[in-house]
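Going by this note's numbering, the first residue of the sequence shown is number 6, and it counts up by one from there.
Be aware that a few hints might be false.
Label pairs and their calculated CB-CB ranges [said to hold, decoys possible]:
(1) G224 to I104: 19 to 29 Å
(2) D284 to P105: 41 to 51 Å
(3) V102 to G224: 28 to 38 Å
(4) H356 to G207: 16 to 26 Å
(5) G554 to R321: 42 to 52 Å
(6) H356 to L379: 28 to 38 Å
(7) P105 to G281: 53 to 63 Å
(8) P308 to R353: 30 to 40 Å
(9) E304 to P136: 54 to 64 Å
(10) Y130 to R192: 15 to 25 Å
(11) K254 to T283: 17 to 27 Å
(12) E359 to R192: 17 to 27 Å
(13) R353 to R321: 35 to 45 Å
If you are wondering where the hints come from, they were derived from the structure by calculation, not from laboratory data. From the three backbone atoms N, C-alpha and C, an ideal C-beta is built for every residue, glycine too.
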Amino acid sequence: MAKTLQGLGPREFEGASAAPISETVVTELTEVAKRMGIAIGIHPGLDDDAPALSQPSPGRYIVGRELGSGGGGRVHLATDRDLRRSVALKILADRHVGIPQRVQAFLEEAIITAGLEHPYIVPIYDIGWSPEFGFYYTMKRLTGRPLVDILDELRAGDPEAGRAFDLTRALSVFVDVCRAVAHAHQRGVLHSDIKPDNIVVGELGEIVVVDWGMAQLLGPAGETQVRARLRGGTPEYMAPEQFTEAGAKLGVEVDVWSLGILLYELLTLSVPFRGGDTDEIGMRVMIEPITPPSRRAPERPIPSGIEQICMRALERVPERRYPDVSELLGDVEAWVAGTRERMRRAERLAHALETAEAILEPVADSEAHLDALLAAEAAADDLHALRNRIADAYALAADTLLRALELEPDAAPHQRLAGDLYWRIFTRLYPSTVGPGEALRERCTALLTALSQRACAAIVQAGRERAATAELRELQNAAVDADDAEGSIWLSVANMVADQDAPAPMQSAMHRILGRVSSLKEIPLFTAMPSASLLPIAEACRELDYAAGAMIFRQGDPGDTLYVLLEGYVDILRDGAVINTLGAGECFGEIAVLGETTRTASASAVDPVRTLALDARRFRRIVRDSGEIGLAVIQALNDRLRVATRREAALRTLASTILRQSEPEF
């Protein structure tokens, strides 16, 4: 039975195997364990290619093959006998052993790195001196690949590397590097040598920032460092100030610059500055303009938002760069988050479009059947069930499309399908074939209203295409009950869409008209009119802007236009004196609707104004064709014209206009 350790009873060790301990294991820990009769046989942290535990060695570490080397030392794969695991052991280069400044820099590198403790910074395990290999420190053995190797494969055109390391992956690596450097800055440490060689991408995709040999403590704490009195780094990645200033005078802006160079290289697969030696590169860094990434590598997908972030990090004047890495990181993360949201939105939009199309596809047979029954003038009872079945599908498809358009209002394929669906409802259900008494009428009205609010331009476009086949021109003659106000609205829309002379651009016509209707409804002259009646008036309006001080019309001019003031103020003047000032929501020149008159006052813009201008002749034609509009105008003018004699004359003139059966077209 094994001997009992302090604090543990004998039962914990009953049955424990006592594997023999090699005589070559001579660390203090294993020697004490041996005297106690304890034999440790487990080693889960030992890699297969690490030196064997049984391999002779005088100290704690069994040194194996070299993993890499640099100016300051070399790194070996080693086995830690006490913890029975693989480690990376860095040894100070032999030529530096007798130079105190080099020894101090080596030890400072280990101490600084050990103090950072971050998931993306290589952890330090131990530091010491050994008669076998001198000054050393141990750290985690990294099994990934240097980022520079991945970039070399991309530069060589390796298709597999291109698929595995796309822009999304590159930015993910960059974000993790920024997190590591930002943490170091919070601990008061500059890396000073950020480059792809010093970034390891692990087998599971994790990254680790290594080689903190150029690290510099910020502030007074770093003044005693060896690096505080030295200049250095990798020229292609050094900030302009690194070529002229020693470490103690540098700030976090140097790491911001190096991260900017790293981002530039991830985007373009090249660095912005190269040269034959350090002096030439330094001169280029300090005076040559930086070619934007998209111009350096036009064949690569480089988003403008990321390019702007990169270029800000590479401002030559330190004060114009990002003030710290955290802000740089925040901008990149915000862009990445936005991209992810756009991707999720695109997936949802694609699914919505597929769903709506799948709903409408099987309806085609029912639509053809309904069209045939309508052509045969079938009885309403025969159509009821079929219409409702089609309406169910239309409603479901409309709901799917409207939710998608709420997510992305300008989604073109969804707009097109919504425009097509609008006219499928219009031509097969309401108002073209369903009277006002049916429940289906209210349902279709709601669908038409919702679709028109989200897809006006697409509805106009689809209507124009149908008008070219004379389909809507037939609808202009559709029989809808005169009392059906909602039906009148939709038929008015059909009339406007079918009018091939409607103003361009086609895509914004409906938006303009509906906006004008809203504006007109706020004007006292038109408040009482139903929206259906205002559609033709809105279509006849022009939008006119006037600069401050501009004369809109003068006293004595022909009174041929009515104006609705949308923005700004207008002075009304008679004989040069201001008699009234009007603001948004008021109209002026309305006496023009009565017939050929002259202006009895002038109108001048007090400040920049925006108006809706309605030609009097077009307005009188509209009044002639609609007694409803005429009566509304009579009532409004009756309220506005204060002088009895003028009011009586005005009403007589307008009544005559309304009752006139014909008038020359202009």
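Cross-check of the supplied hints:
A C-beta distance of roughly 27 Å is found between G224 and I104, which places it inside the suggested range of 19 to 29 Å. The beta-carbon spacing between D284 and P105, approximately 29 Å, falls outside the hinted interval of 41 to 51 Å. Between V102 and G224 the beta carbons are some 31 Å apart, a value that agrees with the proposed interval 28 to 38 Å. A beta carbon spacing of about 35 Å between H356 and G207 contradicts the range 16 to 26 Å that was offered as a hint.
Under the hint 42 to 52 Å, the C-beta atoms of G554 and R321, about 48 Å apart, fit the expected range. Judged by the Cβ atoms, the range 28 to 38 Å given for H356 and L379 holds: they are separated by roughly 34 Å. Checked against the hint of 53 to 63 Å, the C-beta distance between P105 and G281 comes to roughly 34 Å, which is inconsistent with it. Checked against the given bound of 30 to 40 Å, the beta carbons of P308 and R353, roughly 21 Å apart, lie outside it.
Taking the beta carbon of each, E304 and P136 are about 57 Å apart, inside 54 to 64 Å as hinted. With their beta carbons about 19 Å apart, Y130 and R192 fall inside the hinted range of 15 to 25 Å. Judged by the Cβ atoms, the range 17 to 27 Å given for K254 and T283 holds: they are separated by roughly 19 Å. The supplied range of 17 to 27 Å is broken by E359 and R192, whose beta-carbon atoms lie about 51 Å from each other.
Range check, R353 to R321: about 44 Å between beta-carbon atoms, so the 35 to 45 Å window is met.
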